[in-house]
Structure formats: structure tokens, C-alpha cells
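Each chain, letter by letter, is given below.
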Amino acid sequence: MARRPDEEYDYLFKIVLIGDSGVGKSNLLSRFTRNEFSLESKSTIGVEFATRTLQVEGKMIKSQMWDTAGQERYRAITSAYYRGALGALLVYDVTKPTSFENVSRWLQELRDHADSNIVIMLIGNKTDLKHLRAVATEDAQSYAERERLSFVETSALEATNVDKAFQMNLSEIYRRISKKSLSSDDPAHANIKQGKTLVIGAEEIHTNKACCSAA
Amino acid sequence: MSDILAVYAWVDPATGYCQGMSDLLSPFVVLFEDNADAFWCFEMLLRRMRENFQMEGPTGVMKQLQALWHIVELTDREMFSHLSSIGAESLHFAFRMLLVLFRRELSFNEVLCMWEMMWAADFDESIAFHLEENCPEILVIQIPKEPEAESGEEIVENNNSDSKDDSPSKHGSGERTVSESNGMKLSLAHPFCGLTRNFWSKSNGMHSVNMVSSTRSTVDELPVFCVAAILVMNHQKIIKQTHSIDDLIKAGL
Chain A
1 MARRPDEEYD
11 YLFKIVLIGD
21 SGVGKSNLLS
31 RFTRNEFSLE
41 SKSTIGVEFA
51 TRTLQVEGKM
61 IKSQMWDTAG
71 QERYRAITSA
81 YYRGALGALL
91 VYDVTKPTSF
101 ENVSRWLQEL
111 RDHADSNIVI
121 MLIGNKTDLK
131 HLRAVATEDA
141 QSYAERERLS
151 FVETSALEAT
161 NVDKAFQMNL
171 SEIYRRISKK
181 SLSSDDPAHA
191 NIKQGKTLVI
201 GAEEIHTNKA
211 CCSAA
Chain B
1 MSDILAVYAW
11 VDPATGYCQG
21 MSDLLSPFVV
31 LFEDNADAFW
41 CFEMLLRRMR
51 ENFQMEGPTG
61 VMKQLQALWH
71 IVELTDREMF
81 SHLSSIGAES
91 LHFAFRMLLV
101 LFRRELSFNE
111 VLCMWEMMWA
121 ADFDESIAFH
131 LEENCPEILV
141 IQIPKEPEAE
151 SGEEIVENNN
161 SDSKDDSPSK
171 HGSGERTVSE
181 SNGMKLSLAH
191 PFCGLTRNFW
201 SKSNGMHSVN
211 MVSSTRSTVD
221 ELPVFCVAAI
231 LVMNHQKIIK
241 QTHSIDDLIK
251 AGL
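Here the protein sequences come in this chain order: A and B. Per full-length UniProt numbering, the very first residue in the first sequence carries number 1; after that it's consecutive. Per full-length UniProt numbering, the very first residue in the second sequence carries number 1; after that it's consecutive.
None of these hints come from the bench; they were simulated from the model. Treat the hints with care, as some may be off.
To be verified - For lysine to aspartate or glutamate, the following DMTMM-like pairs were computed, each having C-alpha atoms within a straight-line distance of at most 25 Å:
#: 1; chain 1: A; residue 1: Lys42; chain 2: B; residue 2: Glu33
#: 2; chain 1: B; residue 1: Lys63; chain 2: A; residue 2: Asp10
#: 3; chain 1: A; residue 1: Lys164; chain 2: A; residue 2: Asp10
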């Protein structure tokens, strides 16, 4: 079976999208993967997936994005989604202060359930609603610095900074992985060239030749 | 539709509003002109599925997914090993099918047929009685009793009003498909609630409920078998075309 171009990749990175319900996680994802936006999108049930393959520092990276339901009571199961995730996009709504206040709770979720090396990016979405803004950029920026998160403000509706946000996260993951594998003399480094599954800590990164390894 | 959901959250505050409820409600709103009819159908459906929407998380669906995984293990070893190898053993892709009963996978008309087929195939008189008995207390209307009522019936009802604290012993094993927090308000009058039939067949109903409680598991089984059938029918497609968990969505199951 011939592979479609988007199936050719060097690495597969699992990314989770988290944040309160209604902040725009699903629309950020549809903007990034399909360049689509819907004003009447339905709430996410459980978890939905989308992928996009793009080039990061000369390597084809397939990002497998797990879009999760934001409602509080779904958290009992969302924690299971964090397993094996290399990156997390923590989204809040710049017009809803509570969604920003809850960022610390989501961070705690990640610290409790995700790998400690997970690359977290804070995203303030809906910047197009300028007249309704209720969370200042500076506040979020300083919060992100304190918590050592990268930060960007986006508008899924206007397609502002959406690609940039995902790309920054993927690049950062790639940098961490290549730094880690180059700095160690264990067989993991050799595996990159051989196209085998590369194990970083508790996580596994798939290369396209090892398509069926367990996550 | 938001009015109906708001009323539901008001009568069942222990459950409140949960994402996904609107998917289950909207067909009733379209089918019935009267919002009250839509409400009662939705309320009856949730008696079956309340465990999926409770505050503690969708534990009903999680049990169903475990059952589904077990079915796959027993019936299709090749699929079982394939899904394990691509890391899909948690069956996340089936979560939505079970939570909103294929509402997002099928078209509106297809879903009406699917639901009708499922509920017709799944009809079990004792289950029906069980669901009828589990009316949220706030929705029960007391209707004065007919003078010719049987004396045995009164005893049953008196016992129930004594144990109004919803102790599990009321229903034997305490295994019930619906949350324990929704008790029945019973007195010497007939309780009447929404679509319930127990207004005219009360005593038979109580008898059946005890049997249901002790014999049925808490997993709503038919939707699980529907998903299992979908997997079996798509066996070749799944084995050949899915290389990672996201492919299962793309495969158009």
C-alpha cells in the first residue's frame, strides 16, 4: 500500500490539548490541521484526534493531537490521555478570567499525571474579541515565566499565531529529544539512524519504519 | 433545548448539566412539538444512562469500554493483538459512540433508526419497570389512591416510605443502573411520574424490580455489542489501514 505524503515522517509526537470547556481547543486544532474554523462547533466528547505532519529543523514530524473535553467531570478520564504525551497546549480564553484562573489547576493535572519532561505551552485564545478582553497579556506572560512555560496569544478565528504556537511546541520537543539523545552514549542515539523506536525516559517516540510499536 | 437542559439540571442537581446531553436530547426536540414530551423522553433515557454523566466522571462508559475490550479479546484475537500493538487498548475511539449513542457518527435519520432498533431489541419488561421506579423524587406527583386498591400493595408502599433514605437494601443487591441518589417518594397515594406506567401496574412492577436488581449487571450491554459488531465488520480495514490510534478515527468507523 502506497503511503500518502502525510504518512511519511521521522518522528511521531503526541500532543494533548487541555483547558476549560469553551476556550477553543477544538477550533485551534481544526485551524492547524485543516485550516477550518466553525462558529457552531459542538462540545468535544471524550477525546478526538487530529494529525498534521510538518517539517521541523529538517525532520518530518507527525504531530498526533489529542483534543480533550474540558468539562470538569471528564477530568477523571482525561488523566489517562496524558500517558506518553510529549507536549501539552494549555489553552485559556482571553475573555474569560476563570479559564485563566483554572490554568494552575490544569498545570497540577499535568504534573500529577503526565511525564515530568512534557513540554507545556500556555495559549491565550480568542484575541479577535478585543472589546471583551479580560485577561491582560502581561499577566499571562509573567505567569508563564514564573511557571517556565512558553506563551503565545492566538485567534483560531482569524488564524493568528495558530501555526506558530504548534510549531513552537513541536520545535521545543524536538530540541529536547535531540539534545537528550546526543548527550547520552546509550543505544538510543544509534536507534535514530536505524529508524527504530527511540525511548526517552518513560515515553516512546515512533519513527516511520517502526510503525506498529506500542505507545 | 437549553430550557429543557436547564430544567433537567434543576430536577436532577446531583447530575446537573454535562457535555453530550444535548446530543441525546436534540432528536426528541425535533420529533416532538411539545417541549414537555421531549423532556420526559430525555429524562427517561437518562435514567438508563445517568452513570455516564455523573460528577465523578463517565464511569458507565468506562465500564462499557472494559466490556468491549473483553469481547474483542474473546471474539477476535487478531484485532485484539493489532489494537494492543498500536496502543489503542483503551478504545478511546469508541468512547463517543457509547456516550452519545452513535449520534455523532451517524446522520440524524440513521440515528433515529438505530435508537429505535436498539431499544426495541433491548426491551425487557423487568428493566422497563426498574427504570420507571427510578423517577427523580422531585418529579413524582401523588395521585389519590383508588378505593378498590389491593391491601398487599399498601404494605409494599409503606415499607418503601420507611426506607426513603435510599438505602441499597431497598432493592436487594443494590445493583442499579441508575444513581442511588434519586429516590422515590411513596405514600398511600399513587406516585405518578412522566412516562411511567406504574400508575396502573404497580404491584407487578415492584416484584420485577427486585429480580432485575439481583440479576442484571450495571453495564448497558446492547450499545457495547453494537460497537463490537462495527469492529468485527471492519476487521480487514482496521488491521490493514490503522497504524496508530488516530488512524482508527480516519478509517471512518
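Hint numbers not upheld by this structure, sorted from lowest to highest: Result: hint 2 breaks, nothing else.
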